[in-house]
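> Next come the chains, spelled out residue by residue.
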Amino acid sequence: MESNVLKPILAVYVALFVLFLYGPFIVLGILSFQQGPEGGPQFPIIEWSTYWYRHLFGMVPPSRIAPLPVGEALIRSLILAFMTMVTATVLGVMAAQAFRRRFRGAGVVFYLIVLGMMVPGVLTGLGTSLLANNVLDIERHWYTTAFVAHVVYTFPFAFLVMLAILNRFDSSVEEASWSLGVSPIRTFRKVTFPLIFPGVLSAMLFAFTLSFDEFPRTLFASGRDQTLPLAIYGTFSVEIHPNIFAFGVMTTLFSFALLAVYGILMGLSVRRAKKMAMQEEIA
Amino acid sequence: MTIQTPAKEKTHTFRLLAPGVVWMILFLVAPIMMIVYVSFWTQTTFSINSTLTLDSWKNFFGSEAYVGALWTTVRLWLIVLALTFLIGYPAALYVGLLVKSKTVSTVLLVLCVIPFWTSFLIRVLAWRPMLGKEGAINILLQKAGIIDSPIEVLLFSELSVIIGMTQIYVVFMVGPIAFMLGRIDRNIIEAARDLGAGFGRIFWKIILPLSLPGVVVGAIFVSVMVLGEFATSGALSGRKVNLLGNIIVTQVGSLKWAMASVVGVILTILLGIVVAGFLRIVDLKREL
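Residue numbers (this note's numbering), protein chains in the order written: chain P, 1 to 283; chain D, 1 to 288.
Just so you know, these hints were derived from the structure itself, not from any lab.
The structure presented is a predicted model; accordingly, all values stated were derived computationally and were not measured.
The hints are all genuine.
Per the computed footprint, the stretches of chain D lying under chain P, defined by three or more beta-carbons under 8 Å from a beta-carbon of chain P, are:
1) 84-94
2) 111-123
3) 128-142
4) 230-236
5) 240-250
6) 253-262
If you only want the chain D side, here are some residues facing chain P, beta carbon under 7 Å, derived:
7) T13
8) P19
9) G20
10) P31
11) I32
12) M34
13) L98
14) V224
All C-beta atoms, glycine included, are put in the ideal place defined by N, C-alpha and C.
Here chain D stands alone, though its shape is the one from the complex (with noise of 0.2 Å):
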């Protein structure tokens, strides 16, 4: 028999969990540490060293460039997260909710987790020919005769990073917000309709609030993602946006490492700050 004792438990547990947790400690905590620590260091041309100064912390906020580049990406996170949410919200509505189906609901997730097999980099790419000037939207609306000259702010803009961004984005806010709807009891809709009370009241008071923890944990998804973005702004905006994540990329390529790690230390107070406040709308743990 081998009835296990209490202590032996114990370190059972504690073998199981130790090689994970000291992974997560050596190589997550402690980078974040790290470039908390080196934002205070020296920077010069060539070289870097662990003189404590504040030198690169003014810099960051004495420069138009670096506090511009905070507030295109807060811009640019409140534009994608706005658009997420309205264009995901109806499509979840139907494929959490609406389809009765429980095949024809899993095949439409299905559908819209497909793309993600696709590179991420391949995927922002292929906006390109999309986009351009010569771009299939703007040939498609030549021909339909809507335009008469290409629309040229489609490709290369703050427009074209804000569409990429919409549309890899967005399956992170329908995934959730469907998957809550598809727990509404279907009776207390049943019950309300048969009360009298119509469609728009019912959603606004009893399928709304109900989907609304799906919606705390897409917007937390897309926030994370969007606020830590380079790629999409880099391949899509010709460098015209910059994002924080952008200006890390470039510190880091000429080994600027105390300014990139300042700007690291901010995108970090950034997401905490978001995801804090998100987590206070909804309390995930009784919710889910």
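With the rest of the complex left out, here is chain P (with noise of 0.2 Å):
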């Protein structure tokens, strides 16, 4: 049978396939140990040292390269992903609640929120500036031009998880509540909220790593003080040294810990949705 032959084939190619993905941050992170302060950022390893990781925290005697100025950049991308976060996740939750009834231009609408996503980061950066700096004539702020474009670029994501979510959703719950005479307001806040939760911890996954990553759309939008897309894009052009390794490993590690937060809260809410199906089922 052919597809015998193929089937091992194609397993081969996937595992070179996935070690395509993963090469050049295997490399890196190798690298990230390399010694300090004379080891350059390629091969071979002189020594194997945590220099540059002590480096990134400021913990080595003064040398030639400066440490990263990633300290400051570091909290303000980690507040203006929060605030995108809060801000997409609401808008998206609310606009996916909209969905579920039919209504005139529904098309127009969703295209006009997908379209966030759809367009370059450039385009939209660019267009932030230019509305800003031309015909507002207000000055460029993380937290005012980037932190709009990010919610653009987000929202539409908050907006899809949230709509696949309600997509599946059981309204009778709902419509059992309404009919007992409890108020809309309380209804979501007290059956419709638990229910999509799950969604919604989603949604602020998405909203917040996408804005913590983001760069075009900073580039352009944010004024004179950096973010930590914009810190790490600025040692681009001059010389890297092996500290931007390690601090590319210590963000991914940053990642998985968001990750593994997500994880746990997600296993948390469906124990307990668990947990509560089982009580009607005793009652």
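Two chains, each in its own frame: build the complex with the hints.
Dropping the structure here:
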């Protein structure tokens, strides 16, 4: 049988494919343990050391290589990602909630929202800064112009996640609550929200990570004060050192921590839902 | 009882939608209109004013460097699109169709997505120690005795940009294709096999046509991202490869807003043509 030959070949191919995806990052991880401060960003490893990690946290004596300017940038990025996360998720939940009913112009509104994730960052960034600079004549900041551009980008993701969740949502529980005389707002808080909570978490995760890593929009729309991706980009043009590799490993670990928190919260909410279902059965 | 009247329902929908729609109109539609408008403004050395003129447009099409950037963008886009398809399709075929167990297929997909939790810029940068003159690939090839002296065109060339972009964007091709392949009814393939069709025939007549919507969605994702790129080309080409995105960045850097806008409009038109073209191949609304 031909597919019996094909399957093992493709399995090997997929292994190579995954190596292609991970290869550069493995190399980067290895080189982050290069000896310092003389060791450069290439092979061979002169001597294994954690010098560049300590360099990152300012725990080594000053050398000719300046520490990465990431401290304040990191805090700005975290605040910006948080602001974006909250705004995008609220807008996303509201819009998806509205889409549960048919209304005129639904197609147009749908495409208007999805456009936000389809238009390249370089265009939204340019447009936003044009508007701020040449029409409104306001200064650009990461917490104003860059913030609105980030929400334009992440709101569609939150919206689509919520739409997928609400599509599978059984609205008879809501109707039961309404018919028992519970107000719509209270119904949303007590019935709908707990049920769609896993979706809300996913939307929040999307919005936070996308904003935290956002680069092209921020490059144009933020002013003097840099966010983290901008600080990293700034080191590109000059000579690179293994400290940026160490930094790459650290940010990846941070993302995984975030992912773990998401996983735990998700697990908790699923378990709570199960518990509630069991209680119902007993009752 | 709170049975909602149609009128009440309408205001309810309106209230839920208004904030998001207003946000998108103010911060997405208005900025894009702004790009079109400013592309006709008058640019002087230090400032810009709203007297309408075609000067920037004439400058763009009169300059070899700018028009060259347009063609470089189109060429690189086509190459990366072809590569992501050719490299991604077999992987998607395995993940979406050939793997019998749902768990294995999910694990493989998650494995493909994990790199996206690393900063985009770090992923671009990671290619430097890989491709450089003293990089991992050159060292491996030299140790294996395949080459005597390091290949220098690997880094800071068009090739390194193509490699970098293909690696970063190939997953956007794999995902949608694997999704469509996963939905194919296995009975159809079984039936074709029972009727004596070989794998080649099954692939061309059943698998490929049924996965086409996935290919189109993947191609749209990859196209939109590659056409708007500037960071990968900036970081991996040593400023030798200039895409439309790179021109916009340098023009804004020197406060040439009008020229940046012209390039922005051209990029928008290019994107519009590409996306509309793909949507003509497959009617996505019907297929998904």
